[in-house]
Structures are given as C-alpha cells and as structure tokens.
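Asks: In case you want the letters, here they are:
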Amino acid sequence: MVKLKDVCIGLSLAVVAAIVSYLIISYNIASVAPEANRPLANMFLENVFNSEKWWLWAGSPEAVTSILWDYRGIDTVYETAVFFLAIIASIALVRTLKLTPETSGRGFGLTVIAKTVTNIVFASIPIVAYSIAVHGHLTPGGGFQGGSAFAVAPLLAISVFSLRVIVMRGWSKDRLLALRTTGLLLIGLIAIIVVALSALKGIIAYVMQNQPKPWAPAGLSAIVDFINPTLISGTLFWLNISEFLAVGAGLSLVFVLLVSPTKMLDVEVEEK
Amino acid sequence: MIPILHLSLISIVLTLGMVFAYLAISERDLLKAIVYSAGQAAMYVIAFYLLMAPDIVLAYAAVGVGVYSAVMIIAVKKTERYEKP
Chain H
1 MVKLKDVCIG LSLAVVAAIV SYLIISYNIA SVAPEANRPL ANMFLENVFN
51 SEKWWLWAGS PEAVTSILWD YRGIDTVYET AVFFLAIIAS IALVRTLKLT
101 PETSGRGFGL TVIAKTVTNI VFASIPIVAY SIAVHGHLTP GGGFQGGSAF
151 AVAPLLAISV FSLRVIVMRG WSKDRLLALR TTGLLLIGLI AIIVVALSAL
201 KGIIAYVMQN QPKPWAPAGL SAIVDFINPT LISGTLFWLN ISEFLAVGAG
251 LSLVFVLLVS PTKMLDVEVE EK
Chain S
1 MIPILHLSLI SIVLTLGMVF AYLAISERDL LKAIVYSAGQ AAMYVIAFYL
51 LMAPDIVLAY AAVGVGVYSA VMIIAVKKTE RYEKP
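Taken in order, these protein sequences are the chains called H and S. Start counting the first sequence at 1; every next residue gets the next number (the numbering used here). Start counting the second sequence at 1; every next residue gets the next number (the numbering used here).
Think of the hints as simulated: they come from the structure by calculation, not from any bench. Accuracy of the hints is not assured; some may be wrong.
Computed beta-carbon distance windows for the label pairs [claimed, not checked]: (1) H:169 - S:77: 15 to 25 angstroms; (2) S:85 - H:13: 18 to 28 angstroms; (3) S:52 - H:86: 22 to 32 angstroms.
Reference excerpt, derived from the structure (chain S facing chain H, CB under 7 angstroms, subset only) [what the hints assert, rightly or not]: (4) 54; (5) 55; (6) 58; (7) 59; (8) 62; (9) 63; (10) 66; (11) 70; (12) 74; (13) 78.
Glycine is no exception: its CB is placed at the ideal position from the N, C-alpha and C atoms.
Full structure from sequences and hints, please.
Replies: Here it is as structure tokens:
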C-alpha cells in the first residue's frame, strides 16, 4: 500500500537530486567526465604491456592488476595485512570455540529440491571463482574478486545444508585459518623472493619487484614455457593465487564463525 | 558528442538504485529491507559496468549482493526480524 507520505518523500528526493545534479554540471562544480582518457590513464595504457619499453612494463595486459600488484604493489600488501588483522581480531573474540559436528547445531537443512540444486551450483561457484583469480593478469578480476566470489559457496552450503554438514566435511576453524595464513605468507614470500635471489647474485632489486629494470636487472620472467609458452606476468599470477587463498579462506572462516550457534558463544562469554 | 544513451542508462539505473535505497530505509520488515539493499547493490553493479569498471563489478557483485546480504541475514536471524515503530 503506497502512502501519501512515501510519495511526497520520493518526489522531493527526486527533485533535490535533479536540482543538485543540474547545478553541479551547469556551473562547473564538477564537470562531466571527458570522453578522452586522462594523461595518467594514457601513460598506464601505453606502458603496461609495451615490451619495447621493457623498463616500464608490467608484463600484463590488465592495467588494473598491474597497478595493484606491480606499480603500487606495497599498498596492496598492506591492505591485505589490514584485512588479515581484522579477521584475526574477530577470531580472537571466540578463540576457545571448538567446532565439532556434535556442537554445531541440529543440521537438518532445507528440502531435497533445494539441496539438489545447491549441489550443482556449489560445484560451479569455486570453479568460476578460481577462473576469476587465475586469469586476473589477463582479464578483469583478480585475487580479491575471486576470493570473495568463492566465499559465496560456503555461505550457500551453510544456509542450505546447515553448518553441521560443512563442519563434518572438514571446514574446520583451524584448517581455514591455516589456509588463510598460508596465503598471506606466500604474498610475503613473493614480495621478497626477487630481492633474496638477486642478493645471492649480488644485484640490486626492490621489494615487490616484478619485471627487470636497467638499474635493477632482476625479476621473474613474464612468459613461462610450461607445455606451451604461457603469459603469467611474473609475480602477478602468483600474487593473485595467494590473495585468492587468503581472501577466500578468510571470508569463509568469518561465515563459519558467524553462523555457529549462539548458545556456544554465550558459554564462551560466561567462562571469561 | 555526449553519448546520450549511455548517460541516460546510467541515470535510470542510479535512480532505481535510489528508489531501492529509500525502500530499504523505510521498510520495517528487516528481511525485506535486506532484499531491497541487495537490489540497490545490483543497480550499482550495472552502473559500474556502464562506467567501464569491470574489476569493481566483480568485487561489488560478490560483496554487495552476496556476502553483505548474507551477513545481514545472519544478524537478523540472531536478533529480531521486525523493527519496532
């Protein structure tokens, strides 16, 4: 039932939005985005996959991933570390919680129809997520996008099959935390692997270096000859995989903890 | 030349997003409000796609429509479904 009040509020919102956008555009407060690229965008588009300027390229045709993991790589490492600390803090609240099949609810789940449909979808979500992650250096997407798409799979399984089934299948707190930590450790390792290898040869290299530079001739090769010559863009491929592991396992862990029965969490608080 | 069709598609989608946002705020049944909020996120996904930001589309579709709604539904399940007037 539409009320007069709702109609009035909606109309006034629309009028305010129209007036504000008219003022913004016609008085040059903020101009409409030009059709032509800005100089910064042109610089990145020209350099990311230009092997003639090999001292500036990232070896990947995907400009966003190149900026995230190569040109501004340390930013992304710190961002991942912040995300890791946030998850650690939320786990610290429930650190003595033990999730076993006996303690994780009744576990009836939904009807057979819902379960059958979910069986099919549940298999396809991780495949799509993995594909987003491993093609992160070629097409839009990457580790974070793949990981958050992957986290939808346990969520769906928890709501359709129940938490007990998920715990029985081995999605335990410790295992997910171990996967998450492995992802972060791999990112840290890849960040310094070029420095470590070139230090053995006595060459200067940078943390998070991807492709060789004239003054720091070290780096992972952009093309790997594995069965066929394959473009993996140096460190970008490995960083995307590690980020996928870290984000996918981290978000799944948070969901498993969130849906664990409230009774157990109450016991947790009373014991303190 | 300003691409009129492109701009008008963006404005239609964003207006629908605003309608969904208003419905989500004014709804007293929190489960329905979450669904409206997911609808708003879906509209924003289309807008990001039209603005040629496919990386944001992938992240926003997974987080805004899937993960965020699920976390909110869990929160509603553990508390109350109806907001008191």
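Asks: Hints first: check each against the structure and report whether it holds.
Replies: Now for the hints, and whether the structure bears them out:
1. H:169 - S:77: 15 to 25 angstroms: holds (22 angstroms)
2. S:85 - H:13: 18 to 28 angstroms: holds (22 angstroms)
3. S:52 - H:86: 22 to 32 angstroms: Because 30 angstroms falls inside the window, the suggested range holds.
4. 54: holds (4 angstroms)
5. 55: holds (5 angstroms)
6. 58: holds (4 angstroms)
7. 59: Since chain H brings a Cβ to about 5 angstroms from residue 59 of chain S, closer than 7 angstroms, the hint holds.
8. 62: holds (4 angstroms)
9. 63: holds (5 angstroms)
10. 66: holds (4 angstroms)
11. 70: holds (5 angstroms)
12. 74: holds (5 angstroms)
13. 78: holds (6 angstroms)
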